[in-house]
Every structure is written in structure tokens, then in C-alpha cells.
Amino acid sequence: MGGGRRGGVGMRDESAQRAANASAPRVPDLGKRILGLFRPHRPQIVLTIVLVLIVATIAVFPPLLTQRVFDEALFPPEGGPDLRLLWMLVGTMVALWISSSLLGIWQTLITSKVGNRVMGQLRDSLFDRLQSMELAFFTRTKTGVIQSRLQNDVGGVANVLSNTVSSVVGNTVTVIASLVTMLILSWQLTVMAVLLTPVLVLLQRRVGQVRARIATQTQESLSEMTAITQESLSVSGILLAKAFGRQADESRRYAAENERQVDLQVRLTMSGQTFFALVSVFISILPAVVYVLAGYLIAGGDTGVTAGTLVAFTTVQARLLMPLMGLLRVGLDLQTSGALFARIFEYLDLQPAIEPPTSPRPLDRSRLGEVEFDDVRFHYPDAREGERATLDGVSFRLEPSTFAAFVGPSGAGKTTIGYLLPRLHEASGGAVRFAGTDVRELDPAALTDHIGIVSQEPYLFHASIAENLRYAKPDATDVELDAATRAASIYDTIHRFPDGYDTIVGERGYRLSGGEKQRIAIARVLLKDPAVLVLDEATSALDTVSERVVQGALDEAARGRTTLAIAHRLSTIRHADVIFVIDAGRIVEQGAHDELLALGGTYATLFAQQASRV
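Heads up: the sequence shown begins at 1 in UniProt numbering, then just goes up one per residue.
These aren't lab readings, by the way, just hints derived from the structure by calculation.
Keep in mind it's a predicted model, so treat the numbers as computed, not measured.
Check each hint, because a few of them may be wrong.
[What the hints assert, rightly or not] Result set (SDA-like, lysine to any residue): computed pairs, CA atoms no more than 20 Å apart in a straight line:
1) Lys528 with Pro400
2) Lys142 with Ser132
3) Lys473 with His462
4) Lys142 with Pro400
5) Lys528 with Asp555
6) Lys142 with Ala256
7) Lys473 with Ala558
8) Lys113 with Leu102
9) Lys528 with His568
10) Lys142 with Leu126
11) Lys142 with Thr229
12) Lys142 with Glu231
13) Lys528 with Glu480
14) Lys473 with Ala463
15) Lys528 with Ala446
16) Lys32 with Gly369
17) Lys142 with Arg253
18) Lys473 with Ala445
19) Lys142 with Phe127
20) Lys528 with Tyr419
Assemble the whole structure, with the sequences as input and the hints as a guide.
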């Protein structure tokens, strides 16, 4: 949101990202993987193919009947029109058209269901994959970019998923059947009708490559627009823009990307128009060419070319060229959508850096609350070579119900310690143990069931207070809600609201004060009833009055639980059983408050500095 980031390095980073994504990601066996999406729906696809074959077969007969209408019913070799035969032929044609239309409706219903279910499965698979990714993935990826993959990319292939199978099968069968019918009517006219078809196929391939490249750029632009929207129109983004008077800059930034998107959409639309204009001209002039050729054949004595043959042939010819054009259009759509499928599969192929164990060890419930760090080292995956490790050889052991505080300067590695225990991050070396077992050997669900986290900025959904509380325990009773909120010192406040537990908190809880949000977050953790509590600077953003209230709630929450309190304000952890002083990723001091003051080291210096500011 800051001007420096967007005007300088940030903009260069975005340009570099666009350049890196200028072409679609390479995904092996893309065609096979797209076909694999339809494998669970084989019965419906087989039925669709059968219906398409029937409809395509039916479409062959009306032109042949048309030839008989002209040559046998309207203009027979002898006598006047045969009205009986005319009614029979016309009635048959009408019946065939009605049957074809009804079968077409049924086929469209099936393909629509299959296509939308495949699209829904894609979204589910993408969401599940993203849920399995480690925390670091989300800290380095814009939320808007992730949202764009789920919405724009999957939505962009909807038409292909819904219509490709029926279109390819139906048009292919119609083209083949039409060619056979045309050959039966006149092989000379057929040769002329299909003479330029290979040229159209080659043009289609070239246009498809151009459209695929533009489609990739279009989706990247949509991702950036979604990211801008998510950042700028969130409550936090709006507050920041208004606080610094940057609304006009945000509008200009959005307008610039929107202009790029408009240009790309125009290019995407127009990239195939010249091709289809050529196809349209080809279709328009071909009947006239056929008439000229027929004239020469008749003049040359070819008695097989009658008026009925000519009418039937041009009718079949139209039925050939339109499906052929449909196949060319599907080819273009497939090439264009290939870029989107590649982006989707790129995310589906993401591998979480933190994987659950294949054979998790059972949790020793008799040792719940035991926490141990054994020579733990940690550095971020994207850390540069030679960069100092975030944690370097951290070791400590906590018995159940111990209150341990972690203090030190910013960037020392305090929060990382709290995130390594529930495996939000993975240790680069050493071992983190919970209840006597390495956390890498435990089932993640079993581990997190016994760990509660209260962060500096608690996240609340745009929902009621009760719904936010029950996120920790969906089946919590009203009595349990009352007990948790009383323990978190928020019960009376909630019941002063006109709607009580049904009060809507707003996006990220912005309708509540900082202290109220924090106490609701504490109550939510208490509903979970964890054995270990991680407090990540839970009061550092609060005013003095709110801090006292929330600190009382935290003290109540920590009672009887092993607590790891990452603290900025040292006054809040004076009563801790043990205080670890972290500096440059190492434990440089440890002991009780009075012991560390007497030591006269880093902790005493930090405490004196804070005391002087009071």
C-alpha cells in the first residue's frame, strides 16, 4: 500500500513477474490430464456420444429427402406433382427435425451437468490443495492471485468443459456423414467443396497459438486486478488509503491495470476474427462456385446433376461447412484454454513443504503439555545463501502447566518458535517435540487439536459472535459459550449488545474494539480447550486499559496449561515461570524475572528501557 513499494521496487517486481509468466506454464501430458478430468463421468459421456451420433445421423436424411421432394414429388419425370409422396416426405422431414431437437435438448442437459461438475471438482481440488500448503506459501503469494486461480482461470475453461465433447463428436460425425452424402450425390462437386479445407486448418492452428499467448497474459492481468481489489478495497486497505490520502493513487493503479485488461480482451477477441471472416467468405462464395461447376457439368452432358441433386448438395454443403467451422472454433478454444488449464494444473501440482507422516505415531496423552526444542535451527526456504538463520541451535524443555515467556528485539526469532510447535513452519534442523514425540511424526490434526494460538491481530469472520466462537467447536452449547466468554472477560460486553451472540462483527471484526476482538479470540481458544497455549504478542497492539483487561483474560486462559508467551511488553510476563531472552536466533539468557534483572544482561537492559518510557 505504501507509495515507495509501488512506485519503485514493487513495480519492478510486478513487471518481472509478468515477464516470467508471459507464456503458459509447461505441464506434462496436458491433454491426457484434461481428459482425465472426465473419467468419473464416463457413463454420462458415453450417453452423450450416443445421443450426438443419433442426432448427427438424423441430420443426414433431410437433404436426401429434399432431393426426392424436388425430383420425385414436385417435379417428377412424368405428370404433375405427387402430393401424396410430397406429404409423406415432408412429414418425415418434420418428424426427424423434432426428434433431433428433443434429443439435442437432452444432450445439452447432460453435457451441462458434466461440464459444471468437472468445473466444481476443479475448484474443490484447487481449494483442497491450497489448504494443504504451508504458511510460507501464503506469505509470499498475493491473496488476489490465489483467488484469481480459483475464479477466473477455472471460470475461463467452463465453456470448454461443458461443450467440447458434444461439439467435437457431433461436428465430426456430421462432417463425415455430410461428406459421404455429398460423394453419393456428386463426387466432382464434393472435391470442389473441400479443396480449401486444409488451408483453413493450418490457419486455425496459427491463430490458436496467438490466442493462447494472449489468453495467458489476460489471466495474469486478471490476477493482478483481483490482487489490487483485494488489497485496496479491504477494510485495512481503505483505512490506509484514506489515512495517507492515497485514494486517487489507488484508483490510478487500478485504472492502469484495467486499461491493460481492456486492451488484452480486445486483442483476444480480434485475434480470431480475420480467420473466421475468411471462413465466412469461403462459406458464402462456395455455393456460387458449386452452381458454376454444376453448370459446366450439365453442359458437358452429366445427367447425374439434376435440380434436386443441386438443391440437396448445397443443403448438405451447408451442413458440412458449419460443423467444420465449429470444429475449427473448438480447436481455437482448446488451444486458448490450454493456457488456462496449464495455470490450473500448475497449482494442483504444488507440493506442500510440510507433509503429514505416512504412518503417524499415536499421541501420548499422559504427557500432554510437554514441549521440547532440541538444537532447533530454522531458515526460510527463500533465504539467500549465507543469510543468517532465523533460529540457530535453540534448546529448551517445558513441563506441563509451565508458563514460559520469550522476549527479545524485533526479528530475533520469537514468533518463529511459536509457529514451529504446531508445524506452521518446519524446522530446518534439530527436533521439536510435543508430548515426547517429534511433531513431524504426529498426525497434524492430533497435534493442532491440543495447541491454541492467540495472535496480535486476531482474525474474525464477517459473521455473528456465536459463529466466530463456534469455529473452534461447531457443536459447542450455549452453556459452553457462556463459560468461555466469562473466562475471557467478554461475557458482559457481548450481552450489552442488542443482539448478544447474534451480533455481526463485520469484516475482520472491525465493528469491535481491539480489546473486544482479542477477548473473543481468547474465548474461541478456550472453547478448543488446548493443552498448550501460544500467545503471540497478544496485547502489544492494545491501549493500556484494554491491555489490562485482556491480560487478565490471558492469565485465566493460561491457568493449568503450558503457555508460550511471545512478549513485547515485559511488564506482562513478570510472573512467568521462566523467561527466555532471544537474540539473533539464539537463547542468550533464561531464568525468572528477578534472576534476569540481577544478571544485568540483555533482559535487564530491555526492562530498563521500557521502564524509562512509562
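Hint check against the structure, violated hint numbers in rising order:
As far as the earlier hints go, 4, 9, 16 are violated by this structure, in ascending order.
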